[in-house]
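Starting from the known structure of chain A, arrange chain B on it as the hints suggest.
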Amino acid sequence: MSSTFETVAGIISETCDIPREKIRPDSHAINDLGIDSLDFLDVAFAIDKAFGIKMPLEQWTQEVNDGKVSSDRYFVLKDLCDNIDALVAAKAA
Amino acid sequence: MRLEYFQMVDRITRLDTDARQIAADCVVPDESPIFEGHFPGHPIMPGVLMIETMAQTGGWLVLATLRFASMPFLAQVKEAKMRAFVAPGAALQAEAELLHDGSGYAVVKGRIATGGKTAAEAEVRYRVVPFPNETLRGQMLETARRIGVPEAFFHAA
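If you read the protein sequences in the order shown, they are chains A and B. Numbering follows my numbering, with no gaps: position 41 of the first sequence is 41. Numbering follows my numbering, with no gaps: position 120 of the second sequence is 120.
Okay, chain A solo, but in the shape it has when bound:
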């Protein structure tokens, strides 16, 4: 599994007090893991810090609310990790 996923899973486990073994790449942060928006604020801050990025949460939320994309696109962990990797790559470019 990617190091991005390992980092994100560790952050979620520690921040939200969820057993590490319950956090899988196909877990949906909200629907499966039950992370609410306030806890996700903690997760977002920790991810931003760990990867040196600024996840565009406002844009993502708007796209989901507008029905343009499924929330899976941003909140299933393997997809979230793909987005993080893309943001890290864009920053390095």
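Worth flagging that the hints you see were computed from the coordinates, not collected in a lab. We put the beta carbon where it would ideally sit given N, CA and C, even for glycine. Some hints here could point you the wrong way.
Here are the computed distance ranges between Cβ atoms for each label pair [claimed, not checked]: (1) R145(B) with K78(A): 27 to 37 Å; (2) G10(A) with H38(B): 35 to 45 Å; (3) I34(B) with S2(A): 51 to 61 Å; (4) R146(B) with P25(A): 32 to 42 Å; (5) A152(B) with E14(A): 39 to 49 Å.
Some chain B residues flagged as far from chain A (calculated, every beta-carbon gap over 10 Å) [stated by the list, open to error]: (6) R11; (7) T13; (8) A69.
Positioned in the frame of chain A, the structure of chain B alone reads:
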């Protein structure tokens, strides 16, 4: 400070969005109904109002950083520590540093000193959202002018 109106910041004394720092003077009133209950015979500033003071100070830093385009609302307080009693009439120096300007949220480290010693500190997190209406935005701008936020921060950079 006008505690009953939640006006915690009297005057911004330093505001540097490049350095991500703000400092403000806040003078605790000599008298307030709050001190009648907190506590009888031993009036001290409530810890929650110390936290509010740090939150407001950091909030002005977030507002200035965003040029008043969005409004920070208190969402989380972490590691809040009240290190000393603060009596009526005390002169407080509040300061905050922006730790992270996230997407839809912000994180600051706040501190209050009095008499050269730290009286309180906390990490404060905000949800940053569009102003719910023009009334609030107008009021925030009016307050910003009163407490000395430089005009340059009121407009997009």
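Hints, one by one, checked against the model:
1. R145(B) with K78(A): 27 to 37 Å: Given about 49 Å between the Cβ atoms, the range is violated.
2. G10(A) with H38(B): 35 to 45 Å: At roughly 42 Å between Cβ atoms, H38(B) and G10(A) fall inside 35 to 45 Å, so the hint holds.
3. I34(B) with S2(A): 51 to 61 Å: About 53 Å separates the Cβ atoms of I34(B) and S2(A), which means 51 to 61 Å holds.
4. R146(B) with P25(A): 32 to 42 Å: violated (52 Å)
5. A152(B) with E14(A): 39 to 49 Å: holds (41 Å)
6. R11: holds (30 Å)
7. T13: Holds, since 28 Å exceeds 10 Å.
8. A69: Per Cβ check, A69(B) is outside 10 Å of chain A; nearest 12 Å; holds.
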